[in-house]
Every structure is written in C-alpha cells, then in structure tokens.
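Asker: Single-letter residue listing:
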Amino acid sequence: MRRAMRVYGWLLKLYPARFREEYEPALERQFQDEYRDVTSPGEAVRLWSGALWDLATSVPRQIFSEMTMDIRQGMRAYQRRSFSMTLAVIALALAIGASTGIFSVMNALLLRSLPFARPERLVELWLSPVNAFAGRTGFNSWWQHSAYLNEATTFSTSEMNLAANQEAWRVKGTESSANFFHVLGVDAIAGRTFAHDEEITGHNSVAVIGYGLWQQLFGGDPAAIGKTVHVNGQQFTVIGVMPANFNYPGKTQVWMPTIFDFEIIPHRGAFLIETIGRLRNEGAFRQAQEMFKAEALRKNPKAYDGNEAQNWPKLVSLQNQLAGPVRQQSWVLAGMALLVLLTACANVAQLVLSRATERSQELAVRAALGASRARLLQQLITEAVLLTTVSTVLGLGLAQWICRLATSIVPPELATQEYTIFDWRVFGFAAGLAILAGVVFGLSSAHLTARLQPAANSLRTQRAAPDAGLKRARAVLIVIQAAITLCLVTSSFALGHAFLKLLGTDLGFRTGNVVTLNVSLQGTTHSGKGEWAYYSNVLSRLRAMPEVEAASAVSYLPLANQIYMANSFKLDSGQSVARVVTNAVMPDYFGVMGTDFLSGHDFEQASGKDADQRVIVNETFARLSGLGRAIVGRHVLSPWRDASYVVEGVAKTARLNGPDNQGGPQIYFYIGEETPPVLTLVAKVRGDAAVGLAKCRDAVRGIDPQVPIYDVKTMDERLDDVLARPRFYVGATALLSLMTGLLAMVGIYGTTSYALEQRRREMGIRMAVGATPRRLRGMMIWESAQPLLVGVAGGMALAIFAGRFLEDLLVTVARPGFGTCLGGGAVLVGVGLLAAWQATSLVRRIDPMEALRSD
Amino acid sequence: MARTNEIEKMLPLPLAAFHMLLELADGERHGYALKRAIALRTDGKLKLGSGALYGSIDKLLLLGLIEESEERPDPHLDDERRRYYRITSLGRRAAEAEARRLRDLVVLAEAQLGRRPKLA
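These protein sequences, in sequence, are chains A and B. Just so it is clear: in the first sequence, position 512 is 512 by this note's numbering, and no numbers are missing. Just so it is clear: in the second sequence, position 50 is 50 by this note's numbering, and no numbers are missing.
Hints were generated in silico from the structure; no laboratory data involved. Any given hint could be a false lead.
To be verified - Below are the BS3-like pairs computed for lysine-lysine, each with C-alpha atoms no more than 27 Å apart in a straight line:
#1 Lys314(A) <-> Lys251(A)
#2 Lys13(A) <-> Lys9(B)
#3 Lys172(A) <-> Lys713(A)
#4 Lys695(A) <-> Lys652(A)
#5 Lys713(A) <-> Lys251(A)
#6 Lys59(B) <-> Lys13(A)
Work out the full structure: start from the sequences and follow the hints.
Answerer: Now the structure itself:
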C-alpha cells in the first residue's frame, strides 16, 4: 500500500504546479480510498490501469489549460513593455534564424543520411593504389583480396550528349563498373541495375536513367524500360530507373557500365576516374586508413614524398567527401551565428533583469495571495518560452531564406542533401534553442526575482534596493556583447578588405563584353572529319555579325570550373616545367579575351605558316623555364610524341579558377584540323553583352539545331558565379557583425538608461548638494565605458584567435592584426559612448526635489 | 438578465459537470463520494478518473458553479486532505438551464421522429 502510494505520488508530479498544489492531497487521499477497496490482484491491475489512463488524459489537459492562462498573463505583461519586447523578439528571431539556417545546411551535408545503404561504411579512395587502369580482372581481384574493403567500384563522370525522341540534351553521365549500384546498396525503382557481366564490351549497351530524365523523356511511363536512348551518338537500351533522391555522383542523370576501354564512348581530353569502396568493418575506419596508406606505400614508396599533401593518396568517408566544399565554411559560419545568438541572449538577459526588478512587486503580491514558488516559476518560464517561441517561429522564416540563398550559391552534391528547414532535426534544433533559451531566461528571472524579495517585508518596501550582484551581471553582459561585437566587426572588416582586393585582381584577361557558348559535336553528324568544317562555319558566321567584334574558340575556358589536363614539358635548353595546364585555342583567342602579350605574338600572325607547330606559353611558364621572355623562338618538346613546338609568344598568366587562385604555368596549342569535339566559343560583342549573347546563341543554333548548345553565359556572369561564394561569406559576416553591433548598442543604451532610472534618487541627492548635471552625466558615461573597455580588450584577443578560421571562408584574407583590432575597438567604444551619452540625456531634466519626493 | 446570459454561455454543460451539479444539488460531497455517487447514479456508465474529476471540479469552481465548503465533519471521521464542495445558486440555475435544454431537445426529437421513445 505504501509503495503504491509513493508511486502514485510521483506520478502526480506530472500535473502542472497550480493544479498539483490545489488537488494533490485530495487526489492522494482518493487513490488511498480506492486502493483500500481492492480485494484481489485483478482489481489492483484494473485500478492501476484506470489511474494511468486517467493521468494520460488529464495531465495534458491541465498543462494546456494552465499554459493558456500563463500565456494570457504573459501577453498582458509584455504589452506593458511592447517596445523593448519587440526589440528582444527581433534580436532573438534574427539570431535563432541565422543559427537555424546554418544548421539546416550542416544538417543536409553532415547529419542527414545519404541515399545509400549503410553510408557510414562507404569510402572514397583518392589515388587508389589499384584502379580501373589495372583492368577488370586486376581491379576485381584487388578488392576481393583486400583486408579492409568488402567491395570497390570505379566510375567517371562527364557531360554527354543524350538524344531521345528526336531531341538532344547535354546531361551528366557516369560510366562505371557493373557493381557500382551494388557497392552503394541502391536499387532501381523500375527495371533493374547492371548485371555482373554487363560491363564487358559487347554486353554494355545498356543504361540506367535518373528519375528526372525518366519523367522528362518518358513522362514516368514504366514502358520506358527497353526503350533506346543515344548517348554521344551511341545507342543504349534503358534497363532501369533510379529513385528520385538518387543522383550520385554529381547530379548524374544517366549511368552506363564499362571496363574503361572507351570503346563505346571515346574520351578525349582530361577526365577523372574515381574509386569508392565499402569497408569490411563499420567501426574500423581509422584502421582501414592505415591499411590503405600502407598499401599505397607498398605500391609506390614515393607516394607521400615531395608532393603537396592534397595530392597524396587518401581514404576518406564518402559523407565527408560529399560535404567537402562547404563543410569547413559551415562550421565557421555556425560559430559566428552562435556568437550572434550569445549577443542576442545577452540582450534578452538585460531585459529579464529589468523585468525582474519591475515585477518583483507584482510577484510578491501574488505570493502573498498564495501562489507558491513553483507556480510563479512556471509562470516566468512560460512567459520566457513564449518570447523565445515567437522569436523562433519568426526566425524559421529567415532560416528558410538562408537555405535558399545557400542553395543558389553552393548547390549540394546530391538531391538528397537539399538545404531546407523542413526536416525533423532542424525543427528539433530550433525548438531546442527556443525551449533552452526560454527555460534559462525563466529560471534566471525567477532567481533574480527571489533575490529581490528575500524577506517577507518585501511588500512593505516601496522599491527593492539596487542589488550589487545585478549591477555586476549587467556589466558582465556588456563585456560579453562588446567582445563578440569587436571580434565579428574585425573579422568582417578583414574579409571585406580581402574581397575588395579580390575584385581588383588582374585576372590576366578581361570579362567585359565577352560572351561564351559551349557546343558539343559528340554523336552528331559533324563528329569526326566534319568537326573542323563546322567550327570554321560557326566562327565565320559569328565574325560576320555586326554585334561581334571578334570570335574564337578554346578547349578550356577560364572560370568554367573544369578539370584541366596537366603535363610536364621539356625545353630544348634541357629545363623542364612540371604541371603545365595544357590548352588549345583558335586564332584571335587572346584578342577576344583581352590577354596581353609580354613578348612575341598570337598564332594569327603565324597562321598559314605551320601554326600548328607553334605554341604560346604564359608568363609563369616562361619564368619557371628560367628563360623569361627570351623563351620566344625556343623549342618545347611534346610529352606525347616525337615532335617539338616553337614558342611563338608569352601571354599574361590567366587565373583559370578565379581571382583567389594563382594561375600556374600554361601552354596553348593551336587548334588545327584535328579539332576537339567539345569547344567553348568566345566572342567579343558590341553593346549589351546579354543581347549579344542571345544573338550569338541563335546564330549558332541556326547552323544546326541538332548540336546541343549549353552553359551559355557572359564572362561577367562566370566571374559573378566564381565570386558568389566569397561574396556570400563576406556578406553573411558583415550582416552578422552589424547585427551584433546593433544589439550591443541597444544593450548599452538599455543598461545605462536603466541604471539612471534606478539611481534617480541618488542623482537628486547629488544635485541637491551641488553636483552639476554635466558632471553627473560624465560619471554615468564613465561607468558605462568601463565594461565596454574590458569587453574591447577581450574582443581583441578573441578576434586575433578567431582570425585563423577566416581563411576557411576566403583564402586570401589577412588575419586581423593588432592595428585592425585597435581601430575596430575605437569605433566600438565611440559608438558605445554615443549610446550612453544619448541614454543619459535625461540627467539634465532631473529635478532634485521631485526625485527625492518620488521615493 | 446579465446572469441569464452568463448561464446561456456555459451551456451545454459537459456531461460530467452536469452530473456533478445534480449530485451536489442533494448536498455537500467530497471528491471521492461524488465520484462514487455519479457511478452509482449512472449504473457505472460514467466512471470518472480522479484527474478528470478534479479537473471538472476546478473548472466548476472557476466558473462559480460550485464552491468549497468550510464546514467539515467530526475530526475523528475526517481526513484533512479531503475537500468538500457544495453547489452555488448560480450552479443550481445552470443545472436547471441544462435540464431545460435537454428536455427541449427531447421534445424536438420526438416531434421530428413522430413517436415517443419507449421508456424502459
């Protein structure tokens, strides 16, 4: 009986405070009466199940009912301070919104599971010791005998021409080993994936298509299985359709099996063959890394020598690999958002302090009327959670906007990694923030209120005495806000400075009024011998247009996010230059791009007289060769065949990947009659570049509508794309630092004006004994400045420490130094003093007599 | 008049609340007695759990339909944890209004269905 009563007593704790206080003894007594009537174990079971059912239904009802009451009361209390409450809600909404937005991105990249079976066991093998070049038997035998891999597969992704239903598209296609889908552990939603021997030449004219392509080409008709599509002119039979959330690797829309003999789809130019595997044991990732490294060293003892670390063989988790490009940046931004959240919380804490003082009287009255401490605590926590919940709901809107922005700037690798707030983890995170912040604010408010009314005589005192602890708490909050603000402001300044430098960087070519279009002749009627004729025709057509000043074509356009082919070149001097990006251009390319020649000249002047035996090198190549500009006229030996090329000119170095990337050594070959099937047409246009681009595209399409034209952009747009990411990071940091700055100012203003209000009587006395308003104001401002100065000192240290993380956002950033911090600190102190000066303007209006009477 | 409007707004009363008012119309009761009496009156059809019972009592107290009684039985027979309740005049009028509402409903149903329901 006693044990049953004890258990029931614990269960009664589930009721909210007011109901429990009111009815707990009666409920206990009633249960005791009922339990006494129990005569058999069956009846006891019935009694307990009835009691539990009753609790399950009535507890939520009572919680809801009391919460509604508390919320109503909270709303009334907030209405009395609507201005400061609105500020607090906005501050929290911005901070929670920013944190949740960044969390959504991190959730998509790092937490949400990939559309693969047991993705934690999937790894990517960079520079795998054995890869597709070992041949089918060699590769399969390698992983079958591997100590750490259960299975491995290889694949290569590139853009391909896909034709079906008499239409042609440019799509991402992946050629892979037959076990590709088996390694990933995914299956087709219609049809099937590759059979074991379908990678073998002669059996491999089959393709699996993505869900999007299935909808686009066949309207989602299951009869698509067995239909044919043409990839780069070759016929493939569709055997399966993948699920909607599967587009690995890199947004692939069509998959084909191969043993990489390139018999069906010939490859020219640079391409990458990647290897992924499934680990034997889940928890043995580190062990697998060690074994991989040992194997790489066994196969090539110099694998880890000399090269830059990024070129070393490595085994990485597939999840980390897919999150790679924005993983580190997300962490840095999340850190910044956390700082903003802290500042916003400090602001709300200021408000809580003010409200606690104000409400101590009201709460004392309620306590005197019988409300228990638990009841008042529940009321204060509900009010605080109400505030943080409203802020969170508003913040979620901001978070979704951040997700959209992030998607446009750094699109995720996979469909399943879509950035969104509509995910249970994101909602959980936001709700967690709201509840945690609410409970902390509520508890601190209750704690402070208790401190302000420690004695039973609190009702009799007109006003609680100013508490030294509270004053200290306020000062600490200002210190925190100032330190965080300074850290973010200096970071923002450093990033902004670096970004402006980036904008002013000489790219080695001009982007204004240059338009670009990609064309691919793979699988069209022009492929093979017709390629040269097609390009000659297109260029003549373009050059004849009144809008076009000049036109040319290039294999690897700068700012186009391509994989470049690099080789080592030897000179007749015996000197050799390593990792030279190899490119091919048509005449007048440098003229169209506005690239200056430092020595020698373009192919144009050499054309007609063995132009295809000449090359142009860039400034970096000339410097690394040790010959400088004197390289013109010297011979460069071909790494592929027994031939040499005369250096015709030295062009300025083009920064191929954008302004934050140094352009390495480059060599340009002349595109003769042996034309690559994929080229980028470039044209310098007169007038509006967008109009010129549209006209050029129409002109090219007019020649043959069957040739896919894709990635049609002006060079300015390409530069914008390249700069989008740094611009976003710089903008986000600036916005976050502005937010913290504003919050800190509001905090300083609020604290100073509150302190003035609290010390009105003291000021009156001081004035009555002869102090001037000016002197009093100076005293108040100095008191506000003290925590500010301490915060600035802390902020300088924080900024210098945090500077190292800025490089993750923008490689070219210079860490904030002492001077930058000092400048930022001076600005912050100046603005802070201005806020304090404004807040103390009321000192002039204090009437000593009135101030003394008022208490 | 204002009082009548106030009562109208409370209708229809929840079934448990109506039974509690009917029970308390007979005299003061403590919670457990009330629960047992209602179960008895309804042939066990309405068995209120303790939480539901005190939830309803709380609501009726807030609405002013019942009040807590100060009078308590002999201390030898009493447990101070027990709470005694009695109906207020507002409660009595609310119960009457609910009864009227139910009767009107029965009359309407009979007129619509064209026959008197058979009484057991």
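Asker: Could you run down the list of hints and mark each one as holding or not?
Answerer: Now for the hints, and whether the structure bears them out:
Restraint check: the Cα-Cα separation between lysine 314(A) and lysine 251(A) comes to about 24 Å, which is no more than 27 Å; the hinted pair holds. Under the criterion of a C-alpha separation no larger than 27 Å, the hint pairing lysine 13(A) with lysine 9(B) is inconsistent with the structure, at around 34 Å. Taking the CA atoms of lysine 172(A) and lysine 713(A), the gap is near 19 Å; set against the 27 Å cutoff, the hint holds. As the CA atoms of lysine 695(A) and lysine 652(A) are separated by approximately 30 Å, the hinted pair breaks the 27 Å bound.
Distance check on the hinted pair: lysine 713(A) and lysine 251(A) sit about 21 Å apart at the alpha-carbon level, within 27 Å; holds. Note on lysine 59(B) and lysine 13(A): the hinted pairing holds, with a Cα-Cα distance of about 20 Å set against a maximum of 27 Å.
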